Amino acid sequence: MISFAAAHGSDELTPLDLVRRATDAVLRREGGSLLQYGSSDGYPPLKRYLQGRMRRDGMAVELDELLITNGCQQSLDLVRRSLVAPGDVVVCENPTYTGLWNVFDTPGIRLVGAPVTSEGMDLDFVSAALEQSKVKLIFASPNFQNPTGRSMPLASRKRLLELAEKFQVPVVEDDIYGVLAYNGRELAPLKALDASGLVIYLNSFSKVGFSGLRVGWIAASRRVVERLTAAKQRADLHTNLLGQAVLEELGRRGWLDKHIRKLKKLYAHKLSVLGGSLERHFPPEAKVHYPDGGMAVWVELPGGMDAAEILVKARDRHVLFAPSRYFYFQNPRHNAFRLCFTAVTDERIVEGIRILGELLREEVRRAAAGKRQRTASSEVALV
Numbered sequence: 063m064i065s066f067a068a069a070h071g072s073d074e075l076t077p078l079d080l081v082r083r084a085t086d087a088v089l090r091r092e093g094g095s096l097l098q099y100g101s102s103d104g105y106p107p108l109k110r111y112l113q114g115r116m117r118r119d120g121m122a123v124e125l126d127e128l129l130i131t132n133g134c135q136q137s138l139d140l141v142r143r144s145l146v147a148p149g150d151v152v153v154c155e156n157p158t159y160t161g162l163w164n165v166f167d168t169p170g171i172r173l174v175g176a177p178v179t180s181e182g183m184d185l186d187f188v189s190a191a192l193e194q195s196k197v198k199l200i201f202a203s204p205n206f207q208n209p210t211g212r213s214m215p216l217a218s219r220k221r222l223l224e225l226a227e228k229f230q231v232p233v234v235e236d237d238i239y240g241v242l243a244y245n246g247r248e249l250a251p252l253k254a255l256d257a258s259g260l261v262i263y264l265n266s267f268s269k270v271g272f273s274g275l276r277v278g279w280i281a282a283s284r285r286v287v288e289r290l291t292a293a294k295q296r297a298d299l300h301t302n303l304l305g306q307a308v309l310e311e312l313g314r315r316g317w318l319d320k321h322i323r324k325l326k327k328l329y330a331h332k333l334s335v336l337g338g339s340l341e342r343h344f345p346p347e348a349k350v351h352y353p354d355g356g357m358a359v360w361v362e363l364p365g366g367m368d369a370a371e372i373l374v375k376a377r378d379r380h381v382l383f384a385p386s387r388y389f390y391f392q393n394p395r396h397n398a399f400r401l402c403f404t405a406v407t408d409e410r411i412v413e414g415i416r417i418l419g420e421l422l423r424e425e426v427r428r429a430a431a432g433k434r435q436r437t438a439s440s441e442v443a444l445v
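If you read the sequence shown in our numbering, its first letter stands for residue 63, the second for the next number, and so on.
Hints listed in this document are in silico derivations from the structure and should not be mistaken for laboratory results. Owing to the predicted nature of the structure, the values given are computational and were not obtained by experimental measurement. It is possible that some hints are incorrect.
To be verified - Label pairs and their calculated CB-CB ranges:
1. 413 x 97: 43 to 51 Å
2. 167 x 365: 42 to 50 Å
3. 352 x 227: 31 to 39 Å
4. 320 x 245: 15 to 23 Å
5. 227 x 194: 14 to 22 Å
6. 416 x 169: 40 to 48 Å
7. 149 x 370: 43 to 51 Å
8. 378 x 106: 47 to 55 Å
9. 257 x 375: 48 to 56 Å
10. 377 x 258: 45 to 53 Å
11. 393 x 98: 46 to 54 Å
12. 351 x 94: 45 to 53 Å
13. 98 x 380: 46 to 54 Å
14. 259 x 342: 25 to 33 Å
As the list claims (entries may be wrong) - Lysine to aspartate or glutamate pairs mimicking EDC-like chemistry, simulated, CA-CA at most 16 Å apart:
15. 327 x 408
16. 198 x 150
17. 326 x 73
18. 324 x 73
19. 196 x 150
20. 326 x 150
21. 327 x 73
22. 220 x 184
23. 324 x 74
24. 327 x 248
25. 324 x 79
26. 326 x 347
27. 375 x 424
28. 198 x 227
29. 220 x 167
30. 349 x 368
31. 327 x 150
32. 220 x 181
33. 327 x 354
34. 320 x 79
35. 326 x 248
36. 326 x 354
Here a beta-carbon is modelled for each residue, glycine too, at the ideal position from N, C-alpha and C.
Between the sequences and the hints, there should be enough to build the whole structure, so can you do that?
Below, the structure written as structure tokens:
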């Protein structure tokens with residue numbers, strides 16, 4: 063099976079040797095203490111490393127404004143547990159990451175979906191929602207939004223922060239894909255532009271090759287971090303110390319940055335291979351959005367076509383993708399799908415897109431024939 067369905071990293075650059083060296087180093091230095099209980103807010107050396115990394119990226123944070131978590135999924139859950147109650151209104155992108163709306167699919171919480179445009183979250187919609195309801199939180203993914211790959215331009219980022227400040231509504235920023243920018247022009251995260259302290263920043267090591275370690279972090283105001291830390295302590299005490307120590311070692315020695323540079327080069331190459339195959343094999347009716355980073359491209363089909371139905375036929379030909387309906391929690395669109403390319407070898411990208419392209423051409427012809435038949439039927443004179 064050739065799967066473009068999941069946003070997984072490549073096995074071609076798994077940094078096993080670096081992880082072995084880092085693990086050996088931290089165990090020799092700290093011994094069995096890494097197998098004991100630790101602080102709920104995180105391993106202090108890792109927090110210091112992340113503080114330096116974030117400051118390098120324009121985000122001035124203090125150590126007590128950082129919380130280490132078991133990845134972004136737990137970060138989302140802690141935000142819901144700590145900051146949202148029944149009766150609250152939460153605005154987020156629609157379509158969005160399914161793990162987000164699964165977390166907030168809780169009785170009494172009202173999710174409001176803002177459409178995603180070519181420039182990211184529709185801010186006119188957000189503005190209207192803020193005017194009409196008492197919104198508790200806004201969720202945004204300004205860099206390579208999942209699933210569409212869209213990014214917010216700088217002016218839109220500033221406008222979103224202006225709206226947040228005007229209505230005093232915190233913005234939860236998911237920047238898990240931000241580091242995977244392939245053209246060298248990384249836009250400033252919302253957190254770097256935030257003068258009011260309203261941004262709650264989420265990130266993780268998962269998309270750069272360490273998803274199995276389950277280590278992420280939250281950066282927010284001291285007051286918010288205190289509440290989130292209390293919720294984490296109740297949930298699982300703390301994130302595993304050994305994984306935190308290994309990642310800190312990788313970061314401090316510069317091995318992590320070196321690995322990320324290699325990963326970005328590999329993924330940019332894979333995106334190029336995918337793009338060439340899409341242009342060669344996909345019908346012109348399929349509109350492909352090519353992102354400047356991240357792990358996926360977004361494909362829109364003509365109206366009336368159903369990507370989920372096409373997936374059933376694609377599975378019979380041993381190819382998988384993620385239909386758009388999976389990512390909508392309101393007003394679902396059926397005629398689009400996500401293709402994740404990072405975990406697929408070059409050869410399988412080429413073969414998978416060739417197979418999928420043949421199927422899509424068949425489906426486009428079938429849809430066009432059906433439309434012509436319906437048009438002809440409607441033109442029959444009634445006597």
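Each hint tested on the structure:
Between residue 413 and residue 97 the beta carbon distance is about 45 Å. The supplied range of 43 to 51 Å therefore holds. The given range of 42 to 50 Å is broken by residue 167 and residue 365, whose C-beta atoms sit roughly 28 Å from each other. For residue 352 and residue 227, the hinted distance range of 31 to 39 Å is satisfied, since their beta carbons lie about 33 Å from each other. For residue 320 and residue 245, the Cβ-Cβ distance of about 20 Å falls inside the hinted range of 15 to 23 Å, so the restraint holds.
Between residue 227 and residue 194 the beta carbon distance is about 19 Å. The supplied range of 14 to 22 Å therefore holds. For the pair residue 416 and residue 169, the beta carbons lie near 47 Å from each other, so the given range of 40 to 48 Å is met. The hint said 43 to 51 Å for the Cβ distance between residue 149 and residue 370, and at roughly 34 Å that hint is violated. For the pair residue 378 and residue 106, the supplied restraint of 47 to 55 Å holds, since their beta-carbon distance comes to about 53 Å.
Restraint check, residue 257 to residue 375: a C-beta distance of roughly 52 Å satisfies the suggested window 48 to 56 Å. A C-beta distance of roughly 48 Å is found between residue 377 and residue 258, which places it inside the suggested range of 45 to 53 Å. Taking 46 to 54 Å as the suggested C-beta distance range, the pair residue 393 and residue 98 conforms, at roughly 50 Å. Between residue 351 and residue 94 the CB atoms are about 50 Å apart, so this pair conforms to the stated range of 45 to 53 Å.
Checking the proposed 46 to 54 Å range against residue 98 and residue 380 shows it holds: the Cβ atoms sit about 48 Å from each other. At about 49 Å, the CB distance of residue 259 to residue 342 disagrees with the hint of 25 to 33 Å. For a cut-off of 16 Å, the pair hint linking residue 327 to residue 408 stands: about 14 Å separates their Cα positions. Taking the CA atoms of residue 198 and residue 150, the gap is about 6 Å. The hint holds against a cut of 16 Å.
Distance check on the hinted pair: residue 326 and residue 73 sit about 14 Å apart at the alpha-carbon level, within 16 Å; holds. Annotation: proposed proximity of residue 324 to residue 73 holds, straight-line Cα distance about 13 Å (limit 16 Å). Under the criterion of a C-alpha separation no larger than 16 Å, the hint pairing residue 196 with residue 150 is consistent with the structure, at around 8 Å. Between residue 326 and residue 150, the direct Cα distance comes to roughly 39 Å. Violation of the 16 Å bound is thereby established for this hinted pair.
Restraint check for residue 327 and residue 73: satisfied, since their Cα atoms lie roughly 14 Å apart, inside the 16 Å limit. As the CA atoms of residue 220 and residue 184 are separated by approximately 13 Å, the hinted pair is consistent with the 16 Å bound. Of the pairs offered as hints, the one joining residue 324 and residue 74 holds, with about 11 Å between alpha carbons and a cut-off of 16 Å not exceeded. Restraint check: the Cα-Cα separation between residue 327 and residue 248 comes to about 15 Å, which is no more than 16 Å; the hinted pair holds.
The suggested pairing of residue 324 with residue 79 holds, with an alpha-carbon distance near 15 Å, which does not exceed 16 Å. Note on residue 326 and residue 347: the hinted pairing is violated, with a Cα-Cα distance of about 30 Å set against a maximum of 16 Å. With a C-alpha separation of about 11 Å, the suggested pairing of residue 375 with residue 424 holds against the 16 Å cut-off. Distance check on the hinted pair: residue 198 and residue 227 sit about 13 Å apart at the alpha-carbon level, within 16 Å; holds.
For the proposed pair residue 220 and residue 167, the alpha carbon gap of about 29 Å is over 16 Å, so the pair is violated. The hinted pair formed by residue 349 and residue 368 meets the criterion: a straight-line CA distance of about 15 Å does not exceed 16 Å. At roughly 43 Å between alpha-carbon atoms, residue 327 and residue 150 are farther apart than 16 Å, so this suggested pair is violated. Restraint check for residue 220 and residue 181: the C-alpha separation of about 13 Å stays at or below 16 Å, so the hint holds.
A hinted pair counts as satisfied when its Cα atoms are at most 16 Å apart, and residue 327 with residue 354 qualifies at roughly 12 Å. A C-alpha spacing of about 13 Å is found between residue 320 and residue 79, which places the hinted pair at or below 16 Å, so the restraint holds. Restraint check for residue 326 and residue 248: the C-alpha separation of about 12 Å stays at or below 16 Å, so the hint holds. Pair hint residue 326 plus residue 354 holds up; C-alpha atoms about 11 Å apart against a cutoff of 16 Å.
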